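**Student:** The lines below spell out each chain.
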Amino acid sequence: MKKIISFTVNGAKQELYLDTRKTLLKMLREDLELMGVHLGCGGGDCGACTVLLNGEPVTSCLVLAVDCEGAEITTVEGVQQNGELHPLQQSMIEKGGIQCGFCTPGMVMNSLALLRENPQPTETEVRQALSGNLCRCTGYAKIVEAVLDVGNAMTNSKEAG
Amino acid sequence: MKAFEHYAPDSVEELLELLKSKPNAKLIAGGTDLLLQMKEGTAQPETVVSLKNVEELGGFSVSKNGYRLGTGMTLRRITRSNELTQNFPGLIYAAGVVASEQIRSLATLGGNICNASPSADMVPPLIALDAVVQLVSSQSQRELPLSEFFKGPGESVLKSGEILHSIFLPQPSGSMIYSKHAPRKYMDLAVVGVAVRLAKKHGKINEARVALGAVGPVPFRAEKTEALLAGQTLTTELMREAGEMAAGECVPIDDIRGSAWYRKRMVKVHVRRNLEALR
Ligand SMILES: Cc1cc2nc3c(=O)[nH]c(=O)nc-3n(C[C@H](O)[C@H](O)[C@H](O)COP(=O)(O)OP(=O)(O)OC[C@H]3O[C@@H](n4cnc5c(N)ncnc54)[C@H](O)[C@@H]3O)c2cc1C
Ligand code: FES
Ligand code: FES
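If you read the sequences in order, they're chains Z and H.
Note that my numbering numbers the first sequence so that position 140 is 140, with each residue one more than the last.
Note that my numbering numbers the second sequence so that position 46 is 207, with each residue one more than the last.
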């Protein structure tokens, strides 16, 4: 069975005619070709599919697309600013928080939600917030470092400006 | 996944009328339990009715007697409420140890209860706080203590056409602590969940609640342990005895997360520790 639904993705309005079974993850990948949304476990355990739904981080594999009527969705493709990488993305590269890159979009989206709410988190707060994102490569230390570092940098630049 | 029709009513009245005309419809709140079951094929609804647009279920209200929590509140929102954190710190702690930040953005209070898993983290603390559930359908309305809501794993007293509308919590008396025993610090289900509430008067316990999760087919009150504690002064000896009595009241099973023997041991330890923390 199908249903028409409209919502905003990365600032652009969309209207789609979708199978009610389609998850938000599949809709983003298959209908909008946003391949930064990764399918890992499909069951809420790994966080690779994390996007922001009305500003909150969610595992898009556990959301029905038809439940997103009127929602604002942000994927990793929508976080760059004026063609430049977001400071958090830059920091992930500089600190070596990316190896194979599979977990990276989910890590970025969830960290972004954390930093918006808590611009200068402690290491414990970062680890707690990212506990729903698995990484098989980095051992987490460099990812945590990248988030901590950008937290400090963003706050300093705000104070300076 | 089997094909299904999807409705998203925006009021409780509309929702209840819809359920009346579609008696086999399944409610979806956050979907973190239901969608998994649908993916696995253990749930195959033909009609899915979403609670997302029903604003009435999404908040809480305060009266002289207590608090009424809408069952559509997500666990993330619950952890962000200063007022709830001040009044029910043990309950907010429990909400914060469910799954991950991403799941908590979706998972609702009502879903955690209605899924009726013996290990649901919100249930022992709510039982220890004397929570009363309000069930409504297009024809009826009834209230009962949360401790009487469950019938077995995955089963509750909810009838076809009925929803869990809200949870009433009386003004908190005494302090309540929830502890979750799991091998991993985050992202793990409870091997045992132990909530203890004590209210004291003149140094003696005048009200005791001990609610246990994941050590029986449903979460339950350890009533013998509560009776042992009532009217007493909390001594080291009494805390030890209470731990042993609570372990004796559980009927756990062996499963992948822990053996029945281990679960009993952990109940003993956590009841004692929670009492120590409340001394
Ligand atoms: C990766 C992962 C980790 C998890 N970890 C934990 C954990 O640590 N602790 C824990 O307790 N749980 C955990 N869960 C389980 C789950 O997230 C919670 O039980 C959650 O609170 C369910 O809420 P929901 O809104 O997503 O429910 P849904 O899936 O939408 O619904 C669950 C059931 O309740 C029914 N229902 C929902 N709302 C109502 C209502 N108002 N009236 C009547 N029926 C209703 C639905 O029909 C369905 O049968 C985990 C799940 C995942 C995927
Ligand atoms: S793919 Fe969604 S959490 Fe793993
Ligand atoms: S970089 Fe490979 S999974 Fe994280």
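Among these hints, one or two may not hold up.
Unchecked claim - Pairs of lysine to aspartate or glutamate, EDC-like flavour, derived with a Cα cap of 16 angstroms:
(1) Lys200/H - Asp45/Z
(2) Lys163/H - Asp19/Z
(3) Lys95/Z - Glu77/Z
(4) Lys95/Z - Glu33/Z
(5) Lys365/H - Glu437/H
(6) Lys22/Z - Glu244/H
(7) Lys361/H - Glu437/H
(8) Lys2/Z - Glu207/H
(9) Lys13/Z - Glu94/Z
(10) Lys346/H - Asp149/Z
(11) Lys181/H - Glu316/H
(12) Lys346/H - Glu125/Z
(13) Lys183/H - Glu207/H
(14) Lys385/H - Glu405/H
(15) Lys225/H - Glu207/H
(16) Lys187/H - Glu309/H
(17) Lys3/Z - Glu405/H
(18) Lys22/Z - Asp45/Z
(19) Lys22/Z - Glu77/Z
(20) Lys22/Z - Glu316/H
(21) Lys163/H - Glu201/H
(22) Lys2/Z - Glu166/H
(23) Lys22/Z - Glu207/H
(24) Lys187/H - Glu217/H
(25) Lys3/Z - Glu207/H
(26) Lys200/H - Glu69/Z
(27) Lys183/H - Glu368/H
(28) Lys163/H - Glu217/H
Just so you know, these hints were derived from the structure itself, not from any lab.
Small disclaimer: the values here were computed from a predicted structure and weren't measured.
**Student:** Now tell me, hint by hint, if it's right for this structure.
**Tutor:** Against the structure, the hints come out as follows:
no. : hint                : verdict
1   : Lys200/H - Asp45/Z  : holds (14 angstroms)
2   : Lys163/H - Asp19/Z  : holds (11 angstroms)
3   : Lys95/Z - Glu77/Z   : violated (21 angstroms)
4   : Lys95/Z - Glu33/Z   : violated (29 angstroms)
5   : Lys365/H - Glu437/H : holds (14 angstroms)
6   : Lys22/Z - Glu244/H  : violated (37 angstroms)
7   : Lys361/H - Glu437/H : holds (14 angstroms)
8   : Lys2/Z - Glu207/H   : holds (13 angstroms)
9   : Lys13/Z - Glu94/Z   : violated (34 angstroms)
10  : Lys346/H - Asp149/Z : violated (25 angstroms)
11  : Lys181/H - Glu316/H : violated (20 angstroms)
12  : Lys346/H - Glu125/Z : holds (13 angstroms)
13  : Lys183/H - Glu207/H : holds (10 angstroms)
14  : Lys385/H - Glu405/H : holds (11 angstroms)
15  : Lys225/H - Glu207/H : violated (43 angstroms)
16  : Lys187/H - Glu309/H : violated (22 angstroms)
17  : Lys3/Z - Glu405/H   : violated (56 angstroms)
18  : Lys22/Z - Asp45/Z   : violated (19 angstroms)
19  : Lys22/Z - Glu77/Z   : violated (21 angstroms)
20  : Lys22/Z - Glu316/H  : violated (28 angstroms)
21  : Lys163/H - Glu201/H : holds (11 angstroms)
22  : Lys2/Z - Glu166/H   : holds (8 angstroms)
23  : Lys22/Z - Glu207/H  : holds (15 angstroms)
24  : Lys187/H - Glu217/H : violated (19 angstroms)
25  : Lys3/Z - Glu207/H   : holds (15 angstroms)
26  : Lys200/H - Glu69/Z  : violated (22 angstroms)
27  : Lys183/H - Glu368/H : violated (44 angstroms)
28  : Lys163/H - Glu217/H : violated (30 angstroms)
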